[in-house]
Amino acid sequence: MSVKSGILLFILSCFAYPATAQLSILPVFGGRPIVENTWYVSTKGDSVQFDNIRFYLSDIQFEMDDKTWIKDTVSAHLIDVFDPATLHIITQKIDLKLLKTIHFNLGIDSLTNVSGALGGDLDPQKGMYWAWQSGYINLKIEGRSPQCKSRKNVFQYHIGGYLQPFSSMRKIELPVKNTIANRNQEAIRKGLVLTFDFSVFFGKLSIATQKNTMMPGKEAMQLADYSTSMFSIYALEN
Amino acid sequence: MRLKTKYLVYCLFGFFSLLIYAFSVLKTTPMPLVIPESWPKPVYDFSKNPLTKEGFELGRQLFYDPILSRDSTISCASCHLQATGFTHVDHDLSHGIDDKVGTRNSMTIMNLAWSKYFMWDGAVNHLDMQPLAPLSSSVEMDEKLARVIQKLNNAKNYKALFFSAFNDSLATGQKMLLAFSQFTLHLNSSNSKYDKYIREEAGGTFTDQEKNGLQLFRKHCASCHPEPLFTNQNFEKNGLPIDPTLNDLGRFTITRMPVDSFKFKVPTLRNIQFTFPYMHDGRFKKLREVLNHYTETDELKAQIVLSSNEKADLIAFLLTLTDNDFLFDKWFGFPKD
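First to last, the sequence lines map onto chains S and B.
Residues 36 to 273 in our numbering are what the first sequence lists, from first letter to last.
Residues 306 to 642 in our numbering are what the second sequence lists, from first letter to last.
Just so you know, these hints were derived from the structure itself, not from any lab.
Idealized CB from N, CA, C, for every residue including glycine.
Treat the hints with care, since some could be wrong.
[Claimed, not checked] Below are the DSS-like pairs computed for lysine-lysine, each with C-alpha atoms no more than 27 Å apart in a straight line:
1) LYS161/S with LYS498/B
2) LYS405/B with LYS253/S
3) LYS106/S with LYS353/B
[Said to hold, decoys possible] Pairwise CB distance ranges (calculated):
4) ASN552/B with ASN87/S: 28 to 36 Å
5) LYS106/S with GLU594/B: 25 to 33 Å
6) TRP104/S with GLY544/B: 51 to 59 Å
7) LYS206/S with ALA451/B: 26 to 34 Å
Whenever a hint applies, use it, and build me the whole structure from the sequences.
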């Protein structure tokens, strides 16, 4: 066999046995995907619109039926709800039939927070790092609501803080579901889909009084707690 | 003949390819930190940012460049002048962009490899991240990191500097911050008269007054300002009454723990002769005022009692912490090309 045909065979084999899989992120509000300049109504009756939703997903791990764990090679992914390129995470190939549970962190752990200048999605130039006080912002939600009693009805939640007792990163553990009620979305036809339902967060929040949270503390801890039940994971075969 | 020419062309092509490759591969010059004998182990993890001459030069350029500020008026050196121990002399509260005045006296920059926390309240948890605070403060440089990176990528001189330091001409937030650390980690002061006295070197002969001052220092001051760094790197409450125009709660602002109220970072005393005014809000202009505060306050764990003569001796000792090699080292100064 010549070298050329060997290389060709190798390239072909890469296509035939992909070593990676894709995790799709689907941000929704109730049943509807989140898009810019669109009003959504929370279960509390508040109208909300979003300008910016960004957050870190870190330390993603897949727990399989046979008790093996598969760890994502990238430590942290910055997800921007309005940047479609960030809504697909490439991970190692996993057998969706055997996937039992997905584990990840919403936010950045305390060790990473004290590790100095990091690159990629963790580069402070991404705008998810506090300058006045060291630390990553785990979750940023900005938008407006007529019910929010602030200037221009704007709300800004910058949830972060890594020092105890105000450590706002949340560990999430989700059992994998194999069916999804609303499958009309292109994005959720097949594969591994992680949905984020922000109506859960806004169903708990008192938007009239909670206008701005932009530092570590009790309020950030409460908002972080609201965010933990937003997620579901689906492993969908065609 | 034709075949020979072809062969020669191949050879030349190969040679030039290798030449280009040789120049494109990073050739940095290691420049590790010189740690004075008997000093403790530095806190900074050099394995994550090995110090090089090229990284230092990039960091030095950035330190003296006002491109970091919103309107290109303020550089790091605006508030951190080498000749005064890299602090802002003569102003109780340091001022920045548009003549805006901050709420604290700028800190000195020296021997930072041994510091775990930065700023008077320890708001910054790693030396790499320190430049972000003045950069984005609305009363200092009032600029956004993403815009600074954009400006650096548009500036011709930085392409070469980033390339030589990181083998990649593209500026990023991470690379800029690492380069800053490369420069500031080298700003080390360990050659004062005191150091020469300890090392029993020429120029290190103490007068009786200085010797007595050192004894008094070790008795009354060393629990917070231990040798050789002259700081315990902790946050302490030193009994200063709160300034009601500032209401600065210090470390509490960061930890939100009542026990941290009115605690501030213990600064080094090296080069103290030139780093006036003193304290986090620059309330004392003279060392004598500082000592008077410490003998008058009753909020310390142990009351400090010093006679007027003893205060003079203590000040004489503190002046031996002046390190002219550090204050006038051209290598730390404005980069002239």
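- Task: Given the hint that LYS161/S pairs with LYS498/B, test it: the Cα-Cα distance must not exceed 27 Å.
- Result: Violated, because 46 Å separates the two Cα atoms, which is more than 27 Å.
- Query: Do LYS206/S and ALA451/B keep their Cβ atoms within the hinted range of 26 to 34 Å?
  - Reply: 30 Å, holds
- Would the pair LYS405/B and LYS253/S pass a check requiring their Cα atoms to be no farther apart than 27 Å? 32 Å, violated
- Message: For the hint 51 to 59 Å, verify it against the beta carbon of TRP104/S and that of GLY544/B.
- Response: Roughly 54 Å apart at Cβ, these two residues keep to the hinted range, so it holds.
- Evaluate the given range 28 to 36 Å for the C-beta pair formed by ASN552/B and ASN87/S. 33 Å, holds
- Message: LYS106/S and LYS353/B were given as a pair; does the straight-line alpha-carbon distance stay at or below 27 Å?
- Response: 23 Å, holds
- Are LYS106/S and GLU594/B spaced within 25 to 33 Å by their CB atoms? For LYS106/S and GLU594/B the Cβ distance comes to about 59 Å; the hint is violated.
Hint violations for this structure: numbers 1, 2 and 5, all remaining hints satisfied.
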